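Position chains A, D, E, W, Y, Z and R relative to chain H; hints supplied.
Those protein sequences? They're chains H, A, D, E, W, Y, Z and R, same order as listed.
Residue 30 in this note's numbering sits at position 23 of the first sequence, and the numbers go up by one each step.
Residue 80 in this note's numbering sits at position 73 of the second sequence, and the numbers go up by one each step.
Residue 57 in this note's numbering sits at position 50 of the third sequence, and the numbers go up by one each step.
Residue 59 in this note's numbering sits at position 52 of the fourth sequence, and the numbers go up by one each step.
Residue 38 in this note's numbering sits at position 31 of the fifth sequence, and the numbers go up by one each step.
Residue 88 in this note's numbering sits at position 81 of the sixth sequence, and the numbers go up by one each step.
Residue 72 in this note's numbering sits at position 65 of the seventh sequence, and the numbers go up by one each step.
Residue 25 in this note's numbering sits at position 18 of the eighth sequence, and the numbers go up by one each step.
Bear in mind the hints are in silico, worked out from the structure with no lab data behind them.
None of these values were measured; they are calculated from a predicted model.
Treat the hints with care, as some may be off.
Unchecked claim - In silico DSS-like cross-links for lysine-lysine, where the CA-CA straight-line distance does not exceed 27 Å: (1) H:Lys74 to H:Lys108; (2) R:Lys128 to Z:Lys43; (3) R:Lys48 to Z:Lys21; (4) R:Lys131 to Z:Lys108; (5) R:Lys62 to Y:Lys108; (6) Z:Lys48 to Z:Lys128; (7) W:Lys128 to Y:Lys131; (8) W:Lys131 to W:Lys48; (9) Z:Lys43 to Z:Lys128; (10) H:Lys108 to H:Lys128; (11) W:Lys128 to Y:Lys108; (12) Y:Lys62 to A:Lys74; (13) W:Lys131 to W:Lys43; (14) E:Lys108 to E:Lys74; (15) D:Lys108 to Z:Lys62; (16) W:Lys48 to Y:Lys43; (17) Z:Lys131 to R:Lys74; (18) R:Lys131 to R:Lys43; (19) D:Lys74 to E:Lys43; (20) W:Lys29 to Y:Lys43; (21) D:Lys48 to D:Lys128; (22) Y:Lys131 to Z:Lys108; (23) H:Lys74 to A:Lys48; (24) Y:Lys108 to Y:Lys128; (25) D:Lys29 to E:Lys43; (26) E:Lys43 to E:Lys29; (27) Z:Lys128 to R:Lys114; (28) W:Lys74 to Y:Lys128; (29) R:Lys74 to D:Lys128; (30) D:Lys62 to E:Lys128; (31) Z:Lys29 to R:Lys15; (32) R:Lys74 to Z:Lys48; (33) D:Lys62 to D:Lys108; (34) Y:Lys16 to W:Lys29; (35) A:Lys114 to R:Lys62; (36) Z:Lys128 to Y:Lys114.
Protein chains: 8
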Amino acid sequence: MPLDNLAKKLGVPKSTLHYRIKRLERDGVIEGYYAKANPLKLGYDYVAIVLVRAKYGPHYHERVGRKIAAVPGVWAVYYVLGEYDFIVLVRALNREDYMHKLERLSKMADIERTSTQIAAKILKEDPRITV
Amino acid sequence: MPLDNLAKKLGVPKSTLHYRIKRLERDGVIEGYYAKANPLKLGYDYVAIVLVRAKYGPHYHERVGRKIAAVPGVWAVYYVLGEYDFIVLVRALNREDYMHKLERLSKMADIERTSTQIAAKILKEDPRITV
Amino acid sequence: MPLDNLAKKLGVPKSTLHYRIKRLERDGVIEGYYAKANPLKLGYDYVAIVLVRAKYGPHYHERVGRKIAAVPGVWAVYYVLGEYDFIVLVRALNREDYMHKLERLSKMADIERTSTQIAAKILKEDPRITV
Amino acid sequence: MPLDNLAKKLGVPKSTLHYRIKRLERDGVIEGYYAKANPLKLGYDYVAIVLVRAKYGPHYHERVGRKIAAVPGVWAVYYVLGEYDFIVLVRALNREDYMHKLERLSKMADIERTSTQIAAKILKEDPRITV
Amino acid sequence: MPLDNLAKKLGVPKSTLHYRIKRLERDGVIEGYYAKANPLKLGYDYVAIVLVRAKYGPHYHERVGRKIAAVPGVWAVYYVLGEYDFIVLVRALNREDYMHKLERLSKMADIERTSTQIAAKILKEDPRITV
Amino acid sequence: MPLDNLAKKLGVPKSTLHYRIKRLERDGVIEGYYAKANPLKLGYDYVAIVLVRAKYGPHYHERVGRKIAAVPGVWAVYYVLGEYDFIVLVRALNREDYMHKLERLSKMADIERTSTQIAAKILKEDPRITV
Amino acid sequence: MPLDNLAKKLGVPKSTLHYRIKRLERDGVIEGYYAKANPLKLGYDYVAIVLVRAKYGPHYHERVGRKIAAVPGVWAVYYVLGEYDFIVLVRALNREDYMHKLERLSKMADIERTSTQIAAKILKEDPRITV
Amino acid sequence: MPLDNLAKKLGVPKSTLHYRIKRLERDGVIEGYYAKANPLKLGYDYVAIVLVRAKYGPHYHERVGRKIAAVPGVWAVYYVLGEYDFIVLVRALNREDYMHKLERLSKMADIERTSTQIAAKILKEDPRITV
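Bound conformation, chain H alone (with noise of 0.2 Å):
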């Protein structure tokens, strides 16, 4: 329902920008519509980065980045060349379910060592693409 005040202010009729947008999600560009929640007022107390080594083989960062992927909780996962083989992001509601969570990451046979970072204080955390 933004969409009329969006067409007003950007100056163009309404069919166009609605031409534009469809055409945008049929390119992928928009993947999707939702809502921004606040993580704290929901009780996600626990945010953490995790630095991740993992043992080497074939192709293995696709594998064991999926596999960390998948772990409820895990919400970002980069393969990144340094130290560390991957940068793992995690959100929990306190740290008794960021412990189960950094159990299943521990288990996996792939993984050779994980360096938690707590994060004491937000100060910003918009992933929004502002064009």
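Below, chains A, D, E, W, Y, Z and R without anything else, positioned relative to chain H:
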């Protein structure tokens, strides 16, 4: 417009759903609505996780954290308790664009050292909270 | 026998104080009473903080943590989230005594590496909780 | 009042035991008597081991060590010979409380860097010396 | 064809110069002649310095070093005495191309770990020896 | 004089080849021609890879990078994104010669720390680009 | 033959001095007499301090320590409590000679990793004890 | 007085041996003669290897190296090329004595950081050169 569908799926009257959503917005649980865009399709080819060491001082984590958060391209800033002080997520169009952003960080007198981890592959990046 | 004094100081009847203390004992808040000894005067000249890395496996932190806790001289075992897995506090009579204790730790198949930090000087060691 | 029991158990007359205990107190071996409380039940949910690097200077380990020891919540300070200078044990009620304590440490001009290790689980914490 | 110019510049007869050059070739001092190309202009946008840790074994530095040297894109392999075993210089067209090359390195059973340093900027790269 | 041979091998007329080479020179793809010398035979026995940490400041990577590049013996300077700032390749005749070059680096006020990795063995060093 | 001089200097009769020296020899305080040679003049140009990490096992520090001590050129082996397990001092004629000695260390199944620090300059090396 | 024996063993006349030894002394190969004492029996119970980081400056390795060498108890100082600048060997009577020596090192304005490795066990310490 998914409101009708959602009401049907959850099995509650549309008005009840509307009321609850409005309350979540009022309480700050829902912060807004937006389209989830695919960064790669928008040309953002450079994703970096920067580990930052700051110089110590009174309330330094608030002061320095906010300055880092103000740099364009920086979309997450976490103050952590570990060998580094901040973990910062940055999005850039390409290496040159990233170098400009990194230059802005390096120039800050409060920053002692940064260590950039380039994400060679993004296996998952979905900050949406499953409820 | 300080019960009389304590009752006077707090300004409550001795019986009330007695009742409250019994309740704290029953709830597990007070675990016991004992004499605080000075370790140095008892000949414990070697104080070490050992950083331990364990091998990963299911629920490893419980299993390995308990085995470490069972070694004589080990009086604190913390499972931490960082570059190391456990931080262990050990008390020994002298270097030779410490070497025996360290040998017991090193022999465990679950332990990958230890790093001993000898306390050259104890500036404070008072685990009593101020209420 | 366990004096009677203890005398029976050790098989020595109560007066002898009383005499020996008084002598231990006079020599500083016994520093006092107190109740061992369970920190978790008292609400102390945040246990941290902080590795501290200080700036070098004359007798710095004494000066800086004492300043650290004076921070509320800090119950042990060890000056060690390794990559870090001090290992500090801190007890706090929760993350916010811990952040205040950490702020006091970070503000000190003598302190170069701290690295906090949060104890995710305490497998043992018993400073009583077995004799 | 620079031979005439060079002879004039050095002030020696062309035949003497020709003789000396042939002798340098015969002794292996001069290994060949070639055109110095500019890698950037040829599309080689990804320059990486990889720090490699290998698994120990008899004459491992020879064996493993040669296998690394055989990977396309690898143009320098140094066996060093430090925290890492080999420092490897790699040239690739882009990130995807680099990922293929890194995959070939990671797959080797002899390799324990690699740490890639992406050259964000080349300030100098001139292996010619000034005589 | 290999022009005739090269033309035959590629199966193009000599004049076409000549024209193309001139164009590559004009476009900066070919920067020059020279003899590839064997450093060992020329007495260069000391090959070092130096990891350099610089002090941060505006555009420091350009300023400091150029100063490092100007030191005799330094033949490659890469500004990298990692724990170190620059990776520098140095060639020297022997340890004494290397010490003079390292002294020039250490003296720079912009340089915080260097870590030298001596190449104990060169398994490959061929910067020529295969086309 | 310095016995006469030493006796005069100390102001004791020669026979008393002789008796005391014999007693020191018998008690193992004096282990022998020898000439202090200058290693550099004898061609020992390569001095290295090797930091060694061993694999853990029962009494590993004795077993592995002795094996290391048996390698020619190794003149000191210290079992230390830190990030590494042994600090080893090695003397070699040149780099090639050192590489042979290092090869012998690397081959041992008990050794996990070594890190060589080449002494670029010896500012002092005098193990004689001043009494 | 072992001269006679040595001459017999080597199968050369005593005068020839005497002449050669005098020449080695004159050339500086032999620097003197002394008794090898056992440090442990002399009460030197604390052996430490200190890794030192110094502040950079012109010819710093000479200046700072000599200052370190002047500290009593320091018997070896090596300037190395690695993560640290100097490796220093120290001998002390006990921990208190060592603390005094370490204090002298820490006070130096040129020294940035030290990391002490206490030798828990000496498996070998014999600087004599086998010829």
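Quick rundown of the hints versus the structure:
1. H:Lys74 to H:Lys108: This hinted pair holds, its Cα atoms lying about 13 Å apart.
2. R:Lys128 to Z:Lys43: holds, 25 Å
3. R:Lys48 to Z:Lys21: holds, 24 Å
4. R:Lys131 to Z:Lys108: Judged against 27 Å, a Cα distance of about 17 Å means the pair holds.
5. R:Lys62 to Y:Lys108: holds, 18 Å
6. Z:Lys48 to Z:Lys128: holds, 15 Å
7. W:Lys128 to Y:Lys131: Holds: W:Lys128 and Y:Lys131 sit about 23 Å apart, inside 27 Å.
8. W:Lys131 to W:Lys48: Measuring from Cα to Cα gives roughly 15 Å; hence the hint holds.
9. Z:Lys43 to Z:Lys128: holds, 19 Å
10. H:Lys108 to H:Lys128: holds, 20 Å
11. W:Lys128 to Y:Lys108: holds, 23 Å
12. Y:Lys62 to A:Lys74: holds, 20 Å
13. W:Lys131 to W:Lys43: Between W:Lys131 and W:Lys43 the Cα gap is close to 14 Å, so the pair holds against 27 Å.
14. E:Lys108 to E:Lys74: holds, 13 Å
15. D:Lys108 to Z:Lys62: holds, 18 Å
16. W:Lys48 to Y:Lys43: Judged against 27 Å, a Cα distance of about 21 Å means the pair holds.
17. Z:Lys131 to R:Lys74: holds, 11 Å
18. R:Lys131 to R:Lys43: holds, 14 Å
19. D:Lys74 to E:Lys43: At roughly 24 Å apart (the allowed maximum being 27 Å), E:Lys43 and D:Lys74 satisfy the hint.
20. W:Lys29 to Y:Lys43: Holds, at about 14 Å.
21. D:Lys48 to D:Lys128: holds, 15 Å
22. Y:Lys131 to Z:Lys108: holds, 23 Å
23. H:Lys74 to A:Lys48: holds, 25 Å
24. Y:Lys108 to Y:Lys128: holds, 20 Å
25. D:Lys29 to E:Lys43: holds, 14 Å
26. E:Lys43 to E:Lys29: holds, 22 Å
27. Z:Lys128 to R:Lys114: holds, 23 Å
28. W:Lys74 to Y:Lys128: holds, 15 Å
29. R:Lys74 to D:Lys128: holds, 26 Å
30. D:Lys62 to E:Lys128: Holds: D:Lys62 and E:Lys128 sit about 17 Å apart, inside 27 Å.
31. Z:Lys29 to R:Lys15: Given pair Z:Lys29, R:Lys15 holds - Cα atoms ~25 Å apart, limit 27 Å.
32. R:Lys74 to Z:Lys48: Holds. R:Lys74 to Z:Lys48 sits at ~25 Å (cutoff 27 Å).
33. D:Lys62 to D:Lys108: holds, 20 Å
34. Y:Lys16 to W:Lys29: holds, 25 Å
35. A:Lys114 to R:Lys62: Holds, because 23 Å separates the two Cα atoms, which is no more than 27 Å.
36. Z:Lys128 to Y:Lys114: With Cα atoms ~18 Å apart, Z:Lys128 and Y:Lys114 stay inside 27 Å; holds.
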